[in-house]
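So the protein lines, in turn, are chains L and B. Under our numbering, the letters of the first sequence match residues 1 to 399, in that order. Under our numbering, the letters of the second sequence match residues 400 to 652, in that order.
Hints should not be assumed to be uniformly reliable.
Sample of chain B residues at the chain L side, in silico, Cβ under 8 Å [as the list claims (entries may be wrong)]: (1) Gln-433; (2) Asn-498; (3) Leu-525; (4) Val-572; (5) Ala-575; (6) Gln-581.
Covered stretches of chain L (in silico footprint by chain B; criterion: 3 or more residues with CB under 8 Å from a CB of chain B, positions within the stretch not fixed) [as the list claims (entries may be wrong)]: (7) 102-114; (8) 175-183; (9) 186-200.
Think of the hints as simulated: they come from the structure by calculation, not from any bench. Ideal Cβ positions, reconstructed from N, Cα and C, are used throughout, including at glycine.
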Amino acid sequence: MITETQESYQADERGYYGDFGGAFIPEMLYPNVEELRSQYVQIMQEPSFQKEFKALLKEYVGRPTPLYYAKRFSKKYNTKVYLKREDLCHTGAHKVNNTIGQILMAQRLGKTRIIAETGAGQHGVATATVCALMGLECIVYMGAIDIKRQAPNVARMKMLGATVRPAMSGSRTLKDATNEAIRDWINNPVDTHYIIGSVVGPHPYPDMVARFQSVISAETKKQLLEVEGRENPDYVVACVGGGSNAAGLFYHYLDQPDVGIIAVEAAGKGIHTGESAATSALGHEGIIHGSKTLLMQTPDGQITEPYSISAGLDYPGVGPMHANLFRTGRGEFISVTDDDAMQAGLELSKLEGIIPAIETSHALAIFETRKFKPDDVVVINLSGRGDKDLNTYIEYFGL
Amino acid sequence: MNRIQQKLQEDKKLLSLYFTAGYPNINDTMSILQQLQDSGVDMVEVGLPFSDPLADGPTIQESSTAALKNGMTTQLLFDQLKDVRKTIDIPLIVMGYFNPMLQYGVEKFCAKCQEIGIDGIIMPDLPLAEYEAEYKSIFEKYGLINVFLITPQTSDDRIQQIDAASNGFIYMVSSASTTGSQSGFGNTQSEYFERIANMDLNNPQIVGFGISNSDTFQAATAFAKGAIIGSAFIKHLTAHGADSVKAFVKTIR
Ligand SMILES: Cc1ncc(COP(=O)(O)O)c(C=O)c1O
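Chain L extracted, bound-state conformation (with noise of 0.2 Å):
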């Protein structure tokens, strides 16, 4: 499931998808990860590795996770729609493929203290459950507003023992816990592995994290080949905030021109409105937390505070691998607002009884406006189960 594929739109050896990504980090923070880049992908193919991460994927998360063809959903929007149920994984999202593979590989590499960050908290959870699983420390940073936001998260992290850290820097939000999670790693160079929750941040990480998400279009590929007798959809459709689930999904059909790739940004209130977190039609070249990507910022170089309903989508940049197929045209990029996704969530609900998450509803919103073809094949990466977003849906719909 992890391949060793150096096509137009990888990674290329230094870590650059196009003019996107490398390691722009301060010098403290050079020799862990040059530790990890320069082991990543051989500690990844050794067989006991791979024989460990395929055992908890299997037993722990609950995968190959299902294929599902929407019925009602499909014969809604007259295409033919299947989601892959990234929802039904332990814990209730994506996230938790990353964090498997993350702490094998900090195992094999000698630590024993874990630090993350966490926007929503689903990759909080995701960390503190497998640094449970593990019996290692677990330190998850927070932006002090999110904190207040998304106490049932919090909660959740602190029953799975890991100890949550308000971010008060900044705006105090997911880039504040972001920066928080790097100063820490600074600050403990030696027993300390960082789990970054998406495929951004300084080279390996963006690669690194996409091939442990490139399960997902693995499991796609055999799975549509027994229900469509054909590997390739004709379009794969993600939600992106940094871009792990959409990269896990797009993984294996990246350098297939035949897939069309469809990724969902969150615009918000709307583009123009100064209230969104639409990076690629926002952003501009640029640095953050170690990748050059595409970020929202002013004309003078500060990074800016995006704003989603889903505290999913909330985050400034994109990984480099999506800032490159934006760039390329490889990739088509549609925004959806706060109002359109609450309504796809709702409606998915009610046609397929499936409650996603708000960050998921991006990527289902787009039927109401990009048509598909009757005979097209569209695989939607259902990323997320709604639990967590009762809240947001009780008071937008006032349940």
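Since the structure of chain L is provided, determine the placement of chain B with the ligand on it from the hints.
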């Protein structure tokens, strides 16, 4: 010869101070520089504030946030420094993060620095490999010295590489930490300072991070050529105001 190189040849231990431009007040830049020079400070790092300063602890983070709120921008700093060489002759280094420099335009930024009379640049998140591949020729074209950092975790091989790529001094980070997180030096630091001193590098070393008073300044310069003070100076400015520079320098030497 560049002012930094000249200064490094003086037979004394160098005291260098960092402050965040635009803090405490937007227009303090020139006054702080003048006071620093009048107090006998050897060199200054002028901090260009950034929204997300990864390598900095709370003190410099807060001064950066305040400076940005006050309205500091790259262009405004260059405007404030326009006539700096009429009154200030100690070496000046711009220290910041790479993204604002990238948005201004790396070449335009360097050209502006040369025009003003800036001598060097410290960008902690512009690493050696990226610098050598993409930007070295531009820095050199405008006569700017790029300063690299090393830490107690930096391997000897890499220190040699950094030494070979440097043409001024090496910024020796005193411990594995962000700025301002330390209150004194222990045996680990002394051993590290001595180890580096014994490597006989081509470039002199100046120690930074965790230097806050006369004692830490003495300890740092026992082996190194000089020391840089940042957070402690910012704290002093916060407590005593922008006109109190001389009083702070007096407590150091
Ligand atoms: C269910 C779900 N989908 C998507 C995302 C966005 O992250 P990424 O773009 O890395 O998949 C998150 C992040 O928290 C999430 O919880």
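Structure-based check of each hint:
Because the beta carbon of Gln-433/B sits about 26 Å from the nearest beta carbon in chain L, more than 8 Å, this interface hint is broken. Checking Asn-498/B against chain L: minimum C-beta separation of about 4 Å stays under 8 Å; hint holds. At its closest, the beta carbon of Leu-525/B sits 7 Å from a beta carbon of chain L; the interface hint therefore holds under the 8 Å criterion. Contact between Val-572/B and chain L, as hinted, is supported at the beta carbon level, the nearest pair being about 6 Å apart and thus within 8 Å.
Here the hint on Ala-575/B is kept, as its CB sits about 5 Å from the closest CB of chain L, short of 8 Å. With its C-beta approaching chain L no nearer than about 10 Å, Gln-581/B sits outside the 8 Å limit, and its interface hint is violated. Counting residues of the segment 102-114 of chain L whose C-beta lies closer than 8 Å to any C-beta of chain B gives 0; at least three are required, and the coverage claim is violated. Closer than 8 Å: that is the beta-carbon criterion, and the segment 175-183 of chain L has 5 residues meeting it against chain B, so the requirement of 3 holds.
With 5 residues having a beta carbon nearer than 8 Å to a beta carbon of chain B, the segment 186-200 of chain L meets the requirement of three or more and the stated coverage holds.
Going through the hint list in order, the structure does not satisfy hints 1, 6, 7.
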